[in-house]
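Reading the sequence shown from the start, the letters are residues 125 to 441 in our numbering.
Hints listed in this document are in silico derivations from the structure and should not be mistaken for laboratory results.
Any given hint might turn out to be false.
Restraint ranges, calculated between C-beta atoms of paired labels, are given here [what the hints assert, rightly or not]:
1. Lys253 with Leu387: 22 to 32 Å
2. Gly251 with Val167: 40 to 50 Å
3. Asn252 with Glu416: 34 to 44 Å
4. Asp427 with Pro355: 19 to 29 Å
5. Pro355 with Leu314: 43 to 53 Å
6. Glu416 with Asn365: 14 to 24 Å
7. Met312 with Thr409: 18 to 28 Å
8. Lys369 with Val167: 12 to 22 Å
9. Pro309 with Pro344: 39 to 49 Å
10. Gly251 with Ala211: 28 to 38 Å
11. Lys230 with Gly251: 44 to 54 Å
12. Pro344 with Phe382: 16 to 26 Å
13. Lys347 with Gly148: 31 to 41 Å
14. His143 with Leu314: 46 to 56 Å
For every residue, glycine included, the Cβ atom is placed at its ideal position computed from N, Cα and C.
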Amino acid sequence: MKVLVTGATGFIGKELLKHLSFEGYEINILTRNPKQERSKLVVPCSVYHWNPEKESPDIKSLKGVKAVIHLAGENIANGRWTQKRKANIKNSRILSTQRLVEAIGKLEHKPDVLVSASGIGFYGGSGNKLLKEDIPPGTCYLAKVCKDWEEEVKKVQEFDVRAVSIRTGMVLGDEGGALGKMLLPFRMGLGGRLGNGNQWMSWIHLIDLVRMYIHAIKSPSIKGAYNAVSPNPISNSEFTNTLGKLLNRPTLLPIPSFVLRLLFGDMAQVLLASQKVSPEKILTTGFLFKYESLNSALTQIVDASNQEFQTREMVSS
Numbered sequence: 125m126k127v128l129v130t131g132a133t134g135f136i137g138k139e140l141l142k143h144l145s146f147e148g149y150e151i152n153i154l155t156r157n158p159k160q161e162r163s164k165l166v167v168p169c170s171v172y173h174w175n176p177e178k179e180s181p182d183i184k185s186l187k188g189v190k191a192v193i194h195l196a197g198e199n200i201a202n203g204r205w206t207q208k209r210k211a212n213i214k215n216s217r218i219l220s221t222q223r224l225v226e227a228i229g230k231l232e233h234k235p236d237v238l239v240s241a242s243g244i245g246f247y248g249g250s251g252n253k254l255l256k257e258d259i260p261p262g263t264c265y266l267a268k269v270c271k272d273w274e275e276e277v278k279k280v281q282e283f284d285v286r287a288v289s290i291r292t293g294m295v296l297g298d299e300g301g302a303l304g305k306m307l308l309p310f311r312m313g314l315g316g317r318l319g320n321g322n323q324w325m326s327w328i329h330l331i332d333l334v335r336m337y338i339h340a341i342k343s344p345s346i347k348g349a350y351n352a353v354s355p356n357p358i359s360n361s362e363f364t365n366t367l368g369k370l371l372n373r374p375t376l377l378p379i380p381s382f383v384l385r386l387l388f389g390d391m392a393q394v395l396l397a398s399q400k401v402s403p404e405k406i407l408t409t410g411f412l413f414k415y416e417s418l419n420s421a422l423t424q425i426v427d428a429s430n431q432e433f434q435t436r437e438m439v440s441s
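Construct the entire structure; sequences and hints are all you get.
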């Protein structure tokens, strides 16, 4: 079975490629820099150029493809949310999806499914309310982006292609994402809660997330939006304390909300929003999490990070 992946060279995409290859999928990827990215790939892939700001995907990249996994989109955490950044965050998702769907519509033999990334930012901040997929979208900037993004994904249904949006929580892995940025300051004893620490954090281990994408392309009954979060959300204080204990480091340096807003502007809402999200819908499809508890997820990630650090030390010595 042939799969096309966009955003394949990012934090999530790289792990997804490993799992797809292990399961025997034939992989095509779309990227802005084929020559540069081809040398970094660790699994066999056919690489095609695509700049979604300027063009539709190469039709050759879609030939014979049975599933499309769409991960492309500017990282929301890379810098302060200026008006230009906000426009780029939105356009990188909306425009790329529009062009991908248009290209699919022109195919004689269309894929069975389009599975696209989305985010639990769809809901906005919701305090202690348990959030399921039938909850209406929030009203903040990120909620509007996610809503519009998912609307573009749904348009592929006009071509009798199954549409799935994966509303992703905070993704935990040692080589990127939020945790990748946290590990160094926490190892240095500079970790602490964000704001009052009471806000709910809905998280998912990177491995479970890529397993969910593969589960979605394999399962014809999966349609619409699904929350990609573990069954056990935790408060920011609990997260901070658990990571500190695993690293054997103090977590005594909280960052007040006003400091986060001064540093990050509107992006601080991502760090301070309380989102208690339920994965019940994906569980009813037979999906099983490998990492249900935060402790098991962080233990695996910290152990992997320690092994990588030790390997680097041995190579450099």
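Exercise. Are there hints from earlier that the structure breaks, and if so, what are their numbers?
Worked result: 3, 5, 7, 8, 12, 13, 14
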